[in-house]
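Those sequence lines, one after another, are chains A and B.
Using the numbering used here, you'd call the opening residue of the first sequence number 1 and step up by one each time.
Using the numbering used here, you'd call the opening residue of the second sequence number 1 and step up by one each time.
Just so you know, the hints here were simulated from the structure itself, not pulled from any lab data.
Just so you know, these numbers come straight off a predicted model, no measurement behind them.
Be a bit skeptical, because a hint or two may be false.
Said to hold, decoys possible - Now the in silico label distances, taken between C-beta atoms and shown as ranges:
#, chain 1, residue 1, chain 2, residue 2, range
1, B, Asp83, A, Pro168, 36 to 46 angstroms
2, A, Met21, B, Gln105, 26 to 36 angstroms
3, A, Thr158, B, Gln31, 34 to 44 angstroms
4, A, Gly62, B, Gly95, 42 to 52 angstroms
5, A, Val154, B, Thr108, 53 to 63 angstroms
6, B, Gln31, A, Pro168, 40 to 50 angstroms
A virtual CB, placed ideally from N, CA and C, is assigned to each residue, including glycine.
So the chains spell out like this:
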Amino acid sequence: MRRLLFLLPIGVFVAVLVGFMAGLRHDPSILPSMLIGKPLPTFALAPLRPGEQGFTSVQLQGEPVMVNVFASWCTVCKEEHQTLMALHEQGVKIVGLDWKEDADAGARWLTANGDPYSLTGNDASGRVGIDMGVSGAPETFVVDRKGRVRYRQVGAITPEVWNQTLAPLMEKLRAES
Amino acid sequence: MRRIALAALTMLVLTVLAVAAPAWAVTPDEQLTDPRLEARARAVSRELRCVVCQNQSIDDSNAPLAHDLRVILRERIAAGDTDDQAKAYLVARYGDFVLLRPPFQPDTWALWLGPAAVLLIGGVGAVLYIRSRARGTEAPLSPDEEAQAATLLATQEKLP
């Protein structure tokens, strides 16, 4: 037994190595959300175009929905937009939160690129996003029927992210009563 | 004379360097008018991590979100929040990650106590090892070895 003791440092080394390897695969920009399992903060967003409707947190109850944080200054959002347009055509309910810019800029962006959102609201000061713990755009919150946040996607929704993570989740949430 | 002038010049340069304000991310329009509240806000904001750049405090960071968080922090402090309440406001939104100094709680025990524990284990191990060596673990000579040693010693004595 004592003779095998020399293997101990090697074992410790391997354990530390595995730990570090796992750490390398972890994306440090993805932080845990404080909202998981909790209701969205209460908010009422202004419309993007004068005379239209924004939306409130209460309106998001009833059926599962994805709340997408976007902005015209966000370059990754442009890439994500194509995926969102495709999902919109499939009938996926997505609402848009235009974050940290004038409503005008958000409206022009949707005119130019198409509007995948069933509801859109402007958060010029960024306060609603901050209440949700948003650290950048794009970010997407998956909200269940009761208005509780079930998942937070940091970064763009790509077809892979949709197929592997969000689609099964939305399916599951639709099955909940 | 030249020495004195040189010394004076050095002093002057050092003084200017010491007095000159370092470049901060905090812009004048963000600052609170009450210097005591502003000082508190500065102290708290140095303890809060910018969630965009992650290795800077919001006091240091030029990120737009860090600006927003500094403003929110000052609003909370101006509204009468204690430092802890103001911090808790942001922790409620962004989690313990925003605290540059992690709190001491069950999920951070390993972080805070780990180094001391490793030192302790290593220290105890080292003490035990050194003691066992000092006690002298060499086995006594066997009769054969005794005889061999006696022969060797005897040979040596015979040498001139």
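Against the structure, the hints:
no.	hint	result
1	B/Asp83 x A/Pro168: 36 to 46 angstroms	holds (44 angstroms)
2	A/Met21 x B/Gln105: 26 to 36 angstroms	holds (27 angstroms)
3	A/Thr158 x B/Gln31: 34 to 44 angstroms	holds (42 angstroms)
4	A/Gly62 x B/Gly95: 42 to 52 angstroms	violated (29 angstroms)
5	A/Val154 x B/Thr108: 53 to 63 angstroms	violated (23 angstroms)
6	B/Gln31 x A/Pro168: 40 to 50 angstroms	holds (49 angstroms)
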